[in-house]
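There are 2 protein chains.
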Amino acid sequence: MSKRPLIVVTNDDSYAAKGLKVLSGIMRKLGDVIVISTEHPMSGKSHSVTLQIPLRLNLINDEPGYKEYRTNGTPVDAVKLIKHSILSDETPDLLVSGINHGSNASINIIYSGTMGAVLEGCIDGIPSIGYSICDYSPDADFSHIEESLEIISSKVLKDGLPKGVALNVNFPKKSDEKIKGIKVVRQAEARWVEEFEERTDPYRRKYYWMGGHFVNGDGREDTDEKALHDNFTSVVPVNVDFTAHDAVDKLKF
Amino acid sequence: MSKRPLIVVTNDDSYAAKGLKVLSGIMRKLGDVIVISTEHPMSGKSHSVTLQIPLRLNLINDEPGYKEYRTNGTPVDAVKLIKHSILSDETPDLLVSGINHGSNASINIIYSGTMGAVLEGCIDGIPSIGYSICDYSPDADFSHIEESLEIISSKVLKDGLPKGVALNVNFPKKSDEKIKGIKVVRQAEARWVEEFEERTDPYRRKYYWMGGHFVNGDGREDTDEKALHDNFTSVVPVNVDFTAHDAVDKLKF
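Read top to bottom, the protein sequences are chains R and U. Per the numbering used here, the first sequence starts with residue 1, numbered consecutively. Per the numbering used here, the second sequence starts with residue 1001, numbered consecutively.
It cannot be assumed that every hint is accurate.
[What the hints assert, rightly or not] Here are the simulated EDC-like cross-link-like pairs (lysine to aspartate or glutamate), alpha carbons at most 20 Å apart as the crow flies:
#, chain 1, residue 1, chain 2, residue 2
1, U, Lys1183, R, Asp249
2, U, Lys1250, R, Asp241
3, R, Lys206, U, Glu1039
4, U, Lys1173, U, Asp1230
5, R, Lys252, U, Glu1221
6, R, Lys250, U, Asp1159
7, R, Lys155, U, Asp1249
8, R, Lys183, U, Asp1241
By construction, these hints were calculated from the structure, which means they are not laboratory data.
Please model the entire structure based on the sequences and the hints provided.
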């Protein structure tokens, strides 16, 4: 490949998702692109890796400055396959994941396959950004966020990110009002309250579909949920250190 | 159930794992126990939830002070099912997950189904502890850690944990030397370097098995990896806030 920046694009909504096509289209303006997407939807797959079955990796398109692969694995598997089986010695200049159809703000990050890929890139030292839009529709309108996405990506390509830090970027759904700007904020403390739907199959055995509603009890001004509510794009710098540092010195056994 | 503490026990190595049996045995000394395990091994399933297929939930044992369920879901699904479909109004006094066959120290936490369940308990406000042993053998020897595990669990049952904090506890493998004690430490900065094994199937298509080796580049004294190396039990207080707080004020877009 040429000396243009090398950008890896992945997602968790599968190769067929509109968000992936929009994202790879924007990235092709910024550099050489390798897309690796999943064969099937992998929403909710978090940081899972595939250990029980072997992984497949298929090259779908190979053009100058653009390659497209698909895998039966998870988004995290996809990033590991890129690193090992496709690039080996070369390190990408940027990894972007998305654009996810649906919010990954607040606690959604922990369930998200989109953000799983981003955090895996971060572990590997690649500047990594997850993009999501607060619109679950497969036909979501991305026209109002394309410029902003390009600005954020270009800046990270140019300046990098602090060591061990990745970005969780969420865009408001398209509305009549123009997005007010970009806010760098913290992850809101919120959670899902489950409401499983119980059904009975033709053999009289019960089964359950997971549902739920989102509860945000975080009233602070500087959170991703507040920024999105106010029609700003939210950017949360994230890391993979789970340590509750305040508690380390307080706990005794 | 009686007024004894209510303890939920889960894991990611399936109902057949020795570590689960040891853990539920110890917990039955401390309170009334509900075990919910997975039908199949769920190592590496992280915080994933099941959205594409319906969930099953089967009651396997029902004795005074002891119930045992199995699910086809992930460890996080298991915790959500317990909360919604089994307990509804009641909140457990403690959730324990494990004892995992293999370390969940350092970056392993992000891939771990065992710790996925723990973090889900934490999101729900349940004092939650993950227990793992640095021994991958299905027949791992747990005799040297049972007393310590009971002490940690009893203390958390009595005192609770700080809001939003759970524990990631890892025990050294049994050796000739007695474990030196318990250290409350931080998560070491380490990562897995993948080494995929490429094979060819009978139809001449390539496939890959994920392998890898663990690289710890963290020389600090106060990490879980250092404690385990020195034959201490490591306790890392963990939370689900991914925000890199130091970076919030530094980044501008």
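Check whether the Cα positions of lysine 1173 of chain U and aspartate 1230 of chain U lie no farther apart than 20 Å. 11 Å, holds
For the pair we were handed, lysine 250 of chain R and aspartate 1159 of chain U, check the Cα-Cα distance against 20 Å. 13 Å, holds
Just to be careful, I want the Cα atoms of lysine 155 of chain R and aspartate 1249 of chain U compared with a cutoff of 20 Å; is the pair within it? Within the cut-off at roughly 16 Å; holds.
Between lysine 206 of chain R and glutamate 1039 of chain U, is the straight-line Cα distance small enough, at 20 Å or below? 16 Å, holds
If you draw a straight line from the CA of lysine 183 of chain R to the CA of aspartate 1241 of chain U, is it 20 Å or shorter? With a Cα-Cα distance of about 18 Å, the restraint between lysine 183 of chain R and aspartate 1241 of chain U holds, given a limit of 20 Å.
For the pair supplied as a hint, lysine 1250 of chain U and aspartate 241 of chain R, is the alpha-carbon distance within the 20 Å limit? Holds. Lysine 1250 of chain U to aspartate 241 of chain R sits at ~19 Å (cutoff 20 Å).
Taking 20 Å as the top limit, are the C-alpha atoms of lysine 1183 of chain U and aspartate 249 of chain R close enough? 10 Å, holds
Verify the proposed pairing of lysine 252 of chain R with glutamate 1221 of chain U, using a straight-line Cα cut of 20 Å. 18 Å, holds
In this structure, every one of the numbered hints holds.
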